[in-house]
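From first to last, the protein sequence lines are chains A and B. Counting from 1, one number per residue, gives the positions in the first sequence under the numbering used here. Counting from 1, one number per residue, gives the positions in the second sequence under the numbering used here.
Among the hints, erroneous ones may be present.
Stated by the list, open to error - With a straight-line cut-off of 30 Å between C-alpha atoms, the simulated DSS-like cross-links for lysine-lysine are: (1) B:K178 - B:K347; (2) B:K217 - A:K25; (3) B:K260 - B:K400; (4) B:K229 - B:K27; (5) B:K201 - A:K25.
What the hints contain is simulated information worked out from the structure, not anything from laboratory work. Treat the numbers as computed from the prediction; the structure is a model and nothing was measured.
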Amino acid sequence: MRTLLMVLSYIGLALTILPSFFVFKQVISWDLHAQLMLAGMFLWFLTAPFWMQKKKDDTAS
Amino acid sequence: MSKEKGGLIKRLDGLYEFDREPVSKNKLQGASNFIAMFSGEHIAGTEFVLGPLFVVHGVTAPDLFIGLIIGNILAVLSWALYCAPIAVRTRLTVYWQIRKICGPYLTFIYGILYALILCLLAGAMVTVSATAVGLPFNMPMPKLTDTMPTSVTWVVVVFVVGTVVSLLAILGFEKLAKFAKVSAPWMFLVFVASAFAVLPKLGVTSLSDFWSVANEKIWTGNVVAGQSKFTIWHVIFFSWLCNLHQHIGMSDMTLFRYAKKWTYGFASAFGMFLGHYVAWVSSGILCAAALAINPNNSIAPGPIALLGAGVVGAVTVVVAGWTTANPTLYRAGLAFQVATPDWKRWKVTLVAGTATTIIAMFPAVVNRLTEVVALYGLIFMPVGAFIFIDFWVFPKIGLKSNYAELMNKMFSIPSALAWGGSLAVCLYLYFKYSLEIYFLALPGWFITVIFYITFSALEQKYGLFGVKSTNLNKTVEA
Chain A
1 MRTLLMVLSY
11 IGLALTILPS
21 FFVFKQVISW
31 DLHAQLMLAG
41 MFLWFLTAPF
51 WMQKKKDDTA
61 S
Chain B
1 MSKEKGGLIK
11 RLDGLYEFDR
21 EPVSKNKLQG
31 ASNFIAMFSG
41 EHIAGTEFVL
51 GPLFVVHGVT
61 APDLFIGLII
71 GNILAVLSWA
81 LYCAPIAVRT
91 RLTVYWQIRK
101 ICGPYLTFIY
111 GILYALILCL
121 LAGAMVTVSA
131 TAVGLPFNMP
141 MPKLTDTMPT
151 SVTWVVVVFV
161 VGTVVSLLAI
171 LGFEKLAKFA
181 KVSAPWMFLV
191 FVASAFAVLP
201 KLGVTSLSDF
211 WSVANEKIWT
221 GNVVAGQSKF
231 TIWHVIFFSW
241 LCNLHQHIGM
251 SDMTLFRYAK
261 KWTYGFASAF
271 GMFLGHYVAW
281 VSSGILCAAA
291 LAINPNNSIA
301 PGPIALLGAG
311 VVGAVTVVVA
321 GWTTANPTLY
331 RAGLAFQVAT
341 PDWKRWKVTL
351 VAGTATTIIA
361 MFPAVVNRLT
371 EVVALYGLIF
381 MPVGAFIFID
391 FWVFPKIGLK
401 SNYAELMNKM
411 FSIPSALAWG
421 GSLAVCLYLY
431 FKYSLEIYFL
441 ALPGWFITVI
451 FYITFSALEQ
461 KYGLFGVKST
471 NLNKTVEA
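Pulled out of the complex, with its shape left as it was, chain A reads as follows (with noise of 0.2 Å):
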């Protein structure tokens, strides 16, 4: 469970950078690029809290 969070939320941080390479290489439009980057933001904070904080957790046991 927690590798398929943490596989989910490393997608969510490519989401919200490597789209605007592609903009930056005119692949891609701006509005697609802001669009992915929403769906990067909600992907990573719905699932990286979790495995953050269990390895925090972890650590400290």
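We have chain A already, so just place chain B on it with the hints.
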């Protein structure tokens, strides 16, 4: 008088009850924690303000890129070679170290000044958030020259944002601190992505175009009307000294007392080069893109972030302002608590939050952020100089370290004279030569050192302000 003295000591001791002992070995932390802390703390809402300020002050591209490298390296060295070595040897908070050197009264004054400055900084962060929250309401954004509240909508939005930030700081500081840690890597990527996405609007479609466009359209060297001209020296000194309070002012002793080795001070490089290099460059690009599209466009954080990343940009500004205002407000509440012994933590934080909200209504705090940050560093710089000289130099020149503690003094006159005297000289230089405040910190440090060593020698060797150190053994024996 003695009752007052006892009350003050009791308040200070009560507040820092758990911080007075050196950190034990089992509580020391690894380098990765320091890397995470620095990376999170220096990618903040104010980065959206500072990057554009270099653009409007007419910094050229070479001056910016070279100046930021030099300034940020100096900042990292200040943490690693000046602050961290003392922190890992004493393993005390800066408050306890000051108290040993300056006595409880000056520690009290330090706490109150610190709280007031923190309210100013939290106010700037609330202002940053408000520029994004106001976007859906077509709120007129404050201009660079505005100092007073610009509209009723502005006042209402700031009031709402300030109130929410204050209430959240009261209700769930710990949870928000965790949220801030989760936000940090995402926020950094939003900064970078926003800059990349607007580069085509400036005419950059390949990396080889970047440098020419950077010179011609971003950091052009042209000053926006009403602003002063910045050179490479401004960039170096500002990027080095914008966190002066934390490194040369030694407040990060409180952080580095948990470090296993002094070399963890180099972890600050992550905060400096991600936040104060990449994020400043990115927000500068956003600002230039906004002005290139329309010179009348607002370069407030909300609108420029919207330009780069759409809704996510606006959310980032809110989150960046909010997550940094939250711990700042919490620390301000802690510092104010020294003066309000019977008040609960929530009440003190509410007062700090109210002050912060009122401050945030004045755009001057953000528009003059470079000066606010520089002034904040200058006020606390002498305290760091006291700690440095007391720790390294005094034993070598035959003076006693931690003299206030040793002699059970409530108030160290040499520290007070050196603190007030150096600030007075710096203010004189500021008004006489119209220097930028952040150029004064370096000469100010040497002035403080000269004053502090002179007055301490007069006290300890000649008994000018009290008991001579040669009488110390007699006093202790008695």
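Each hint tested on the structure:
no. : hint            : in the structure
1   : B:K178 - B:K347 : holds, 23 Å
2   : B:K217 - A:K25  : holds, 19 Å
3   : B:K260 - B:K400 : holds, 27 Å
4   : B:K229 - B:K27  : violated, 48 Å
5   : B:K201 - A:K25  : holds, 12 Å
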